[in-house]
Amino acid sequence: MAPKTPKKKGGKAKPRASTAKVANKKSNKFAKSGKLRKQRLKQKKKEFQKNKHDPKEKTLTNGNGDSGFDESEAQAEEEVLAEEDIDFYTGQDSSFTQRFIASSTDRKNRKRRLDEDEDDSSKYEKRSRTQFSGEDGQKMKMLLPIKDKGRIIPQMVNVEEQEEEADEIEAEGSEVVEKEAEPLPELSGPELIAYRRKKLSDRKQRIAELATAVIENPEESVSKLKELRKLLGEKDPDVCLTVRKLVMVSLCEIFTNIIPGYRVRLLTPQEKEQRMKQDTKKLMDYEAALLLSYKTYLEYLEHTITGKSFDKSQRLTRLGFCDISLPKQNKTDLAIIAVQCMCKLLTSQPHFNYRNDIVNFLVPLMNHKNAKISDAICQAVREIFFTDKSGEVILEIVRAMARLMKSRKFNVQPKVLRTLLSLKIKEINMDQAGGPSKRMLKKEKFKKFSRRERKRLKQSEELERELQETRATQDKEQRMKVHTQIVETMFTTFFNVLKQEEKSPLMPVVLEGLARFTHLISVDFFQDLYAVFNKLIGSGELTQVETLRCVQTAFRILSGQGAALNIDPMKFYTHLYSAMLAIHAGMSPEDAGIVVDCVDTAIIKRKKQVTQQRVLAFTKRLSSMALHQLPEGAAGYIAVARCLVSIFPYTDILYDQEVEGSGVYMPYLQEPEHCHANSAVLWELHSLRRHYHPHVKRLATALLHKSTSDKGELSKKEPSELYQYLKKQDYFPSNLPSKANKKTKAATSGFRSQHFEEELRTKYPQFFNE
Amino acid sequence: MRPLTEEETKTFFEKLSKYIGDSIALLLDRQDGAYCFRLHKERVYYISEELMKKAGNIAGENLLSFGTCFGKFTRKDRKFMLHVTALDYLAPYAKYKVWLKPSAEQQFLYGHNVVKSGLGRITEGTSDHQGVIVYSMNDMPLGFGLAAKSTEACRHADPMMVVLHHQADIGEYIRNENALV
Chain D
682 MAPKTPKKKG GKAKPRASTA KVANKKSNKF AKSGKLRKQR LKQKKKEFQK
732 NKHDPKEKTL TNGNGDSGFD ESEAQAEEEV LAEEDIDFYT GQDSSFTQRF
782 IASSTDRKNR KRRLDEDEDD SSKYEKRSRT QFSGEDGQKM KMLLPIKDKG
832 RIIPQMVNVE EQEEEADEIE AEGSEVVEKE AEPLPELSGP ELIAYRRKKL
882 SDRKQRIAEL ATAVIENPEE SVSKLKELRK LLGEKDPDVC LTVRKLVMVS
932 LCEIFTNIIP GYRVRLLTPQ EKEQRMKQDT KKLMDYEAAL LLSYKTYLEY
982 LEHTITGKSF DKSQRLTRLG FCDISLPKQN KTDLAIIAVQ CMCKLLTSQP
1032 HFNYRNDIVN FLVPLMNHKN AKISDAICQA VREIFFTDKS GEVILEIVRA
1082 MARLMKSRKF NVQPKVLRTL LSLKIKEINM DQAGGPSKRM LKKEKFKKFS
1132 RRERKRLKQS EELERELQET RATQDKEQRM KVHTQIVETM FTTFFNVLKQ
1182 EEKSPLMPVV LEGLARFTHL ISVDFFQDLY AVFNKLIGSG ELTQVETLRC
1232 VQTAFRILSG QGAALNIDPM KFYTHLYSAM LAIHAGMSPE DAGIVVDCVD
1282 TAIIKRKKQV TQQRVLAFTK RLSSMALHQL PEGAAGYIAV ARCLVSIFPY
1332 TDILYDQEVE GSGVYMPYLQ EPEHCHANSA VLWELHSLRR HYHPHVKRLA
1382 TALLHKSTSD KGELSKKEPS ELYQYLKKQD YFPSNLPSKA NKKTKAATSG
1432 FRSQHFEEEL RTKYPQFFNE
Chain E
4 MRPLTEEETK TFFEKLSKYI GDSIALLLDR QDGAYCFRLH KERVYYISEE
54 LMKKAGNIAG ENLLSFGTCF GKFTRKDRKF MLHVTALDYL APYAKYKVWL
104 KPSAEQQFLY GHNVVKSGLG RITEGTSDHQ GVIVYSMNDM PLGFGLAAKS
154 TEACRHADPM MVVLHHQADI GEYIRNENAL V
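These protein sequences, in sequence, are chains D and E.
Read in order, the letters of the first sequence are residues 682 to 1451 in this note's numbering.
Read in order, the letters of the second sequence are residues 4 to 184 in this note's numbering.
Excised from the complex, chain D in its bound form (with noise of 0.2 angstroms):
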């Protein structure tokens, strides 16, 4: 029978095929030409009068009495031309109804009714199916009939459990309509609490369920992964919220444990034309769907984050996600746990597809107004400045937030610039220039050597460059280029906040940047960043830790390759030695490390180029500025005086009380060439002496006594090292008095600085107990 019937059908098929063609090729004529509308009117007025001579006809040919046909008069050309309409299109294939429809959006009035049409097309469908009702009123669907011993038996079935046999995604959105239905209020409270709840476990149940299938075998369930990703768009207000939240993170999770170690290349249409072997083909087919989700999850990531509607142009929306109207601090809430998935995702999976999207989305970010999410961006980006070993990403991340910087006019946080400083470069390529220029040109291979010389060359050369291949030093070099461009942007933005007009809040951290990185530095920034650095001390807006990070910076360009330059930088000894003045315990006692630290640059490393006035007065000034600070400064200070005694033996001098020379020591100069240091004497150690911090105490005696041969421990250490060792330390020796006397008391209340008097809250509290 079955080869029988299409040829039958076929046949009987041919004439109401060719029927239809030609209605169909009509309706196109008219629509072209414009003239549909006529001829839809000539048609209905001829069936308007059909139905008003016969309506029971047409009632009959329809089936279904309970249709609005027997409604009045006045609504019956509207049915009628629904009921034609719906033949009309019930007749043509649904493509060329829904390209006729985008044909006729000229007009809008018919385009109105097209819809109402439509509108009404879809009720009359379910009408249809769905008018019988069971015996316990329960909505029943009509199937075939079955034929049994001659009588035809009608089957129906449930609609509900139809429905529940339905697909996923009609099953969610049936859902979402019911409860949207279900009549809440009648709930008490603490019912209301517990049926959410058992909603909220479903909804977690369902999301484990399915990351646990995605992990267990990423290749065979491409489509869980889908529904997971569905579930972002949950819509249910009870639930959403914290489903959302739920969703992001273990699809975060998820992503981070199944994305291969490669970056996924999505295949061209030749390509995917080419015949592969079955494996590889599944493996490719998975791959575009896993990137179509990663693709998928991001955006709706950066949706949460922007807070943007979802457009209805948009793949988003096609995909089933939309708006859920929250208080602003749920949505805050939600970007957050967004942005956290994101920078884990960038950190976990840098090499992936989209990182340059994420990059460049999460960078303008580490400016956000909310510190939460501007803290976490900066974090991850720390992360990878230490993680990233071929500086691939950390490029890309420095040249986006370089374009930040230009667009928002160097008006960002300080906190996007200070990530930069935990950058881990320890050598670039200073001469990039060099590279090209060793290789001799070809014209001057050919006159230098002869033939058989520079076949022997070329020879070698080859070699040569195999045995690098083999050495894998070309991935060095690679990074080396990439560390280079690194520090080309960084030190471009560095220089651009410099020479901004006004005294921006980023110059603490562009200086202290600068101060790290300064072996990076060419030398031929040098005598600008001089210039540069000569203005702003001059112009007497920077602070005093500024003013010191500017000296140590240029100290350090000139201790590295500088020292060939033979320079003497007079200006920066007298910045650091007025800047000296100005550091004591009550305003700022972290800064005494750096002087420790600048000294130390200055003039002990460059102790065969500076002039005997500026040591005795630097020596004269450390002592004198010991007094002044806090037992770790105080002996930081020692100890570097301590240096210059012993390298420079003319500082015997300052021993003496009788003085040499001309001159009287004038303390407050701000020049330490014009000072009269010579006639200056260390009178301050006696001070020290006696001080109450054992290691303060120990270094003045020794200094005191110029004995070099001291056996302790702390000696022989560094003076910067010294000072971070004793900063580490507690004030005073662990077997104080529990209890605070009156004397002590007396002392401890009314500190001038808050600083300090906070420190010792924190570390002695006993004494302050009231």
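Just so you know, the hints here were simulated from the structure itself, not pulled from any lab data.
Be careful, since some hints might not be right.
Mimicking DSBU-like on lysine-lysine, the simulated pairs with C-alpha atoms at most 35 angstroms apart in a straight line are [to be verified]:
1) E:119 / D:1216
2) D:885 / D:905
3) E:100 / D:1252
4) E:100 / D:1216
5) D:1009 / D:976
Mind docking chain E on chain D? Use the hints.
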């Protein structure tokens, strides 16, 4: 002996400030007493006021010298010439300095200019035609000069390029003993 006229003071201070900048005030207002400049027989002397009063007791034609001679005004166009005798007072306040390598010291002390190869070190930010004080590598003042090139230009100069024009050096104490007072 008389104080300098306004015009003379102007020329003289302009010359001094080329070497020591604003530190002229430090020369005059010292903690160990007030000092002053006095003109005697076209020469400018730097002297403490106390000593100056005592020197006033001696008749002008009999007074050969008092305090320290800083230099003299030329007869024709009243320009001021700095003498090497002022070096001890200017050197501590020097704004710009040049250190010479040991090999170039002798050449300079014979009254020659300094070429790049003899330049040991130079203060950062020196402009050309700036008055500088010349030191040996172990910080002994040797004389004055004029920078022929700025610090930046010195870096890129040829080894035989003149970087410093000679003005006065301590070799003059021997070579030119008669003219110094």
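Now the hints, each set against the structure:
1. With a C-alpha separation of about 29 angstroms, the suggested pair residue 119 of chain E and residue 1216 of chain D falls inside the 35 angstroms cut-off, and the hint holds.
2. For the hint pairing residue 885 of chain D with residue 905 of chain D, the CA-to-CA distance comes to about 15 angstroms; that is within 35 angstroms, so the pair holds.
3. Distance check on the hinted pair: residue 100 of chain E and residue 1252 of chain D sit about 12 angstroms apart at the alpha-carbon level, within 35 angstroms; holds.
4. Straight-line distance between C-alpha atoms of residue 100 of chain E and residue 1216 of chain D comes to about 21 angstroms, which keeps the hinted pair within the 35 angstroms bound.
5. For the hint linking residue 1009 of chain D to residue 976 of chain D, the alpha-carbon distance of about 26 angstroms falls within 35 angstroms, and the restraint holds.
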